[in-house]
Amino acid sequence: MKCGSMDWDAAVTWTANGTDIDDSRLNGSYLVLRNVDLMQSGQYSCYEGSSWHLKYQTYLRVGTPPKEPVLMCRSNNYPKGFYCSWHLPSPTYIPNSFNISVIHGTREMVCEKDIFPKNRCHIRYLQLFSTVKYKVTLTVTNALGKNSTTLTFDEFTIVKPDPPENVVAKPVPNNPRRLEVAWQNPSSWPDPESFPLKFFLRYRPLILDQWQHVELSDGTSHTITDAYAGKEYIIQVAAKDNDIGTWSDWSVAVHATPWMEEPKHLTTEAQVTETTSTSTSSFMPPPTTKICDKGAVVGSGAVAVCWTAGLVLAAYGVLFI
Amino acid sequence: MAAAETPSAALRRRDLCSRGIRLARKMRSDVADLLDAYVERQGLDASASVAALDGVPAAAAERWGEQTESQRLLDNLAAYRAFRALLTEMLEEQREQAAPADAALREALAAVLLQVSAFAYHLEELLRLESRGPPGEEGAGPPAGPRLGLFERKLRGLGVLRELAQWAVRSTRDLRQLAKPGPGGGGGAAAPAGPAEGQ
Chain A
1 MKCGSMDWDA
11 AVTWTANGTD
21 IDDSRLNGSY
31 LVLRNVDLMQ
41 SGQYSCYEGS
51 SWHLKYQTYL
61 RVGTPPKEPV
71 LMCRSNNYPK
81 GFYCSWHLPS
91 PTYIPNSFNI
101 SVIHGTREMV
111 CEKDIFPKNR
121 CHIRYLQLFS
131 TVKYKVTLTV
141 TNALGKNSTT
151 LTFDEFTIVK
161 PDPPENVVAK
171 PVPNNPRRLE
181 VAWQNPSSWP
191 DPESFPLKFF
201 LRYRPLILDQ
211 WQHVELSDGT
221 SHTITDAYAG
231 KEYIIQVAAK
241 DNDIGTWSDW
251 SVAVHATPWM
261 EEPKHLTTEA
271 QVTETTSTST
281 SSFMPPPTTK
291 ICDKGAVVGS
301 GAVAVCWTAG
311 LVLAAYGVLF
321 I
Chain B
1 MAAAETPSAA
11 LRRRDLCSRG
21 IRLARKMRSD
31 VADLLDAYVE
41 RQGLDASASV
51 AALDGVPAAA
61 AERWGEQTES
71 QRLLDNLAAY
81 RAFRALLTEM
91 LEEQREQAAP
101 ADAALREALA
111 AVLLQVSAFA
121 YHLEELLRLE
131 SRGPPGEEGA
141 GPPAGPRLGL
151 FERKLRGLGV
161 LRELAQWAVR
171 STRDLRQLAK
181 PGPGGGGGAA
191 APAGPAEGQ
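Chains as they are written, first to last, in full-length UniProt numbering: chain A, 1 to 321; chain B, 1 to 199.
Because the hints were derived from the structure by calculation, they are not lab data.
Where hints are given, some of them may not hold.
To be verified - Listed next, the in silico BS3-like pairs over lysine-lysine satisfying Cα-Cα at most 30 Å (straight line):
1) A/K198 - B/K154
2) B/K26 - A/K80
3) A/K135 - B/K154
4) A/K160 - A/K113
5) B/K26 - A/K146
6) A/K135 - A/K67
Source: prediction; values computed, not measured.
Throw the hints in and build the complete structure from the sequences for me.
Below you can see the structure in the form of structure tokens.
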């Protein structure tokens, strides 16, 4: 760095972020920085030797040229359009500018940039059902270089709805094996009547790792009929266009426990003899229920018969073999 | 103004649309399998670009959402009649090549041709319900063009099957629009202007 208009042999002092720089870094009045790294970013100032007049000041930003950006395009609002979003795999530490081009056949399409987030833009479909692929090229440029990436895809392959919303799961009164689940179409899907979604529901008791799955071609509700009595369940739903594209991410998980009968007051002979002030005593079942053994579950329609120690509960199911 | 539809006509229309949707979805699934087999047997690159082909109805539509019922039905019928002729031509070409290993391909092609014919007939039924009646078929086959070389014919076949696959999806959407109750879909003749029909 040259110290303004100072001669090469002038006596100067350089500082970096207010700290004097050792003379060994100087070549005459020039400051020479070798093996520059990110730590050397900062304000550099040059002062005339005796008067300490500021002769030159600059802010040095150390950065890197951009690596190949990561680009993703998706349609969560088919058939209105699609969006593309991008990011850099690692920061450059200096300002970058992004330019995106979208070509469909011979036509260049406009990608309207979002205000927030800044790394996304939207394209409106001008045609539907086209066999011509879309080609999206993103170029990132900074003071040290540029890089780009290109995605080519069909109209159908990028269709991926947002997850279903407002998933609710409720027990069914007087039904210890059932849970009613209801949800709504994602609000971003513009026309579910003309472009209906199908759904995939998964559920499992918290105590087990294996999910049960149900695919539903219409409707936004389902009744689970094979829940384990008394067990808390975790339930999620995903959505997909009936004909094209891929499944959404799973919805937010909801929890529910099937209806349980109120514990009856039972009187046993042993408890009557222990009682001193009352003629009957009430028996409370233990606070925890026994975990059903996975091995006791056989076949798709089978349920385990669960026993608590020392107490026979009403049978909740029949073991089918 | 569209004529009011009788309840039985509305029911018949919805029934035809539902069955048509099922036909179209099955057809799409079979065309997808046929496409894979065709690409493999013909030694083509699945990602090869095929330019717009003469005589092959393109499924791509601008302002698809604004189409009238009539337009949808007529566009679909014209397309499937064209595909019927194109697939017949492809099948004849395959038979000429007569490689035993391609027998399965020919069978799959014949099966799709049957579905295309059935779908075209289904569309004609829908048009009759609209009291329009299907238009007459112009010419017996695809427009005669210069005789293509073997590779060009293979590429053309690829283009035909790709467009048919897109049409199968479009037809599903079109029939859903037709099945919708109300002025936008369903309900009487779809002519944009003129006297009420079919009352």
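Inset, instruction - Provide an ascending list of the numbers of those earlier hints which the structure does not satisfy. - result: The structure breaks hints 1, 5; every other hint is satisfied.
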